[in-house]
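S.K.: Listed below are the residues making up each chain.
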Amino acid sequence: MSRALRPLATLALVLAVAAPVRAQVITEPAAPPFPNPKKFARGFFAQGEVGTMMFFGRAGRFAAPGFQLGARLGYDILRWLSVQARVQGATMDATLPPPTVGQSFQTYVYDAEVRLSVQIRRWQLFAEAGAGLGQLSSNVLDRVQVTQGQQLSLAVVAGGGVDFHTLNRHFSLGLDANYLYLHHFSQTHGLTIDAYLRYTH
Amino acid sequence: MGPALTRSSVAEYACPMRARLLSFGLVMLAVGACNNPVYVNQRRPLGTMEDPMSMNGGFTTDRDLFVLPVRQPTMEEARRLLDEQTRLGLMDPIPWAAQRDFQIQIDWSLKNLEDREVTATFAVNGGTEFGDYDPALYVDPTVREQDQVVPPDLLGGTPITLKANQTVNGLFREDELAEAGLDLEAITRYPDTANVLSTPFRVLTRRSSASRVGYEQIPANDVTPAMVRYTLSLGADGRVALDYGVRVRDPNGKLLRPLEPNNDAGYVSTAGTLMPPVAPPAAMMMPTP
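For the record, the sequence lines run as chains A and S.
If you use my numbering, the first sequence corresponds to residues 6 to 206, in order.
If you use my numbering, the second sequence corresponds to residues 1240 to 1528, in order.
Simulated from the structure, these hints should not be mistaken for lab results.
All values derive from a computational prediction rather than experimental measurement.
Worth double-checking, as some hints may not be accurate.
If we take Cβ atoms under 8 angstroms as the criterion, some of the chain A residues that face chain S in the derived model are [as the list claims (entries may be wrong)]:
#: 1; residue: 103
#: 2; residue: 104
#: 3; residue: 118
#: 4; residue: 126
#: 5; residue: 143
#: 6; residue: 144
#: 7; residue: 154
#: 8; residue: 157
Here a beta-carbon is modelled for each residue, glycine too, at the ideal position from N, C-alpha and C.
With these hints in hand, go ahead and build the complete structure from the sequences.
M.R.: If you want it as structure tokens, here you go:
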């Protein structure tokens, strides 16, 4: 090689060695969360409930907390908004002063509700409220003026709870607590607490 | 090989079955809803007090009449009762307030108001829509006074000993009221015609399920009336107070609303006494109220 070409060859060698190396991906993209809440079923749902109902105040003095069964049917309009109809019935012991002792009665609530929810992975926090009718099966509370002959009342319900989704996309379990107001039964206040199983189609 | 299961054959089976299940559900709902008890409050509490006319510190007996509020039958219902009477071949009318229409229970609570032991007696007599039973009218006036015996009360009448300020709760069960209704039927409509006065002694000292003595005159296909008039009496050797309530199951919807006892608009007479169809001789001598 001639003396004149030697610097050019050196420069070419340096450039060749210093050329950028192409980047290479060596890690996999993060996996989607499991289970994916977006894959949970959404739409029509049915819910069965079991729990307790209790009254406070004047009615609470004459009615012991009772066992309750309930059912809800509803529809998820959006991921966070649902409408639902609920029927619940509780059997309660009347704790009246003598002579009316050892009697029991049933309380039924039929209402329509709106439910708002926030999904956090498999957990969902929700709040719900609605209104409807409350009904007593007998006039046993007439004697203590909780009712005055009527056995139907306006009912207002509000509450919330937590829902846990199973690995099956259709089923979830939850706990639900609701405040209950029965206007025509001497403005009775109450509380219902339920555990439920929900199936979403 | 059986016939093929076609869509139409499934529909033929499923539709009537669905209708049957729906009907069954509705009937069960109706039965459940109608069989709820109704509670009729007492007219007033009963109480004994010192008798101002008594020389030796006696106490007055308190009495009250409670009449179950039964609504009037409609024209159609009255016609059906007559039809049923004809069909059964009964000479006497069929009760509108029958045992098949009401299951009745009386709850009571008796309180001693004294600071000492007291013996009290609470008894219930009364009648059906046809007539009353008054034990005093079944005393044979032809025997010597010391041999005269008052027949038993329909319900209660057993002395109850109460400690100072003690309260005792009790009840007359539905089956006891039903038995009383049957006894009333034997006493007031179908007594032994040869000896009307003996019938209360025969039927009130026996359970009808154990012995049919005294019930022989009741027709086999009789519709038993319900006891719907209650004459309550409370006596004691001190001051006592009694509260009571009447619980009624009314599956045929025959109670009168509002639920006020002794309602003159009701079907059952609210007169102080109601003469039975077959009255004892002593009743014939009583002035008509």
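S.K.: Each hint: holds or not?
M.R.: Okay, the hints, checked on the actual structure:
{"no.": "1", "hint": "103", "verdict": "holds (3 angstroms)"}
{"no.": "2", "hint": "104", "verdict": "holds (4 angstroms)"}
{"no.": "3", "hint": "118", "verdict": "violated (23 angstroms)"}
{"no.": "4", "hint": "126", "verdict": "violated (41 angstroms)"}
{"no.": "5", "hint": "143", "verdict": "holds (5 angstroms)"}
{"no.": "6", "hint": "144", "verdict": "holds (6 angstroms)"}
{"no.": "7", "hint": "154", "verdict": "holds (6 angstroms)"}
{"no.": "8", "hint": "157", "verdict": "violated (13 angstroms)"}
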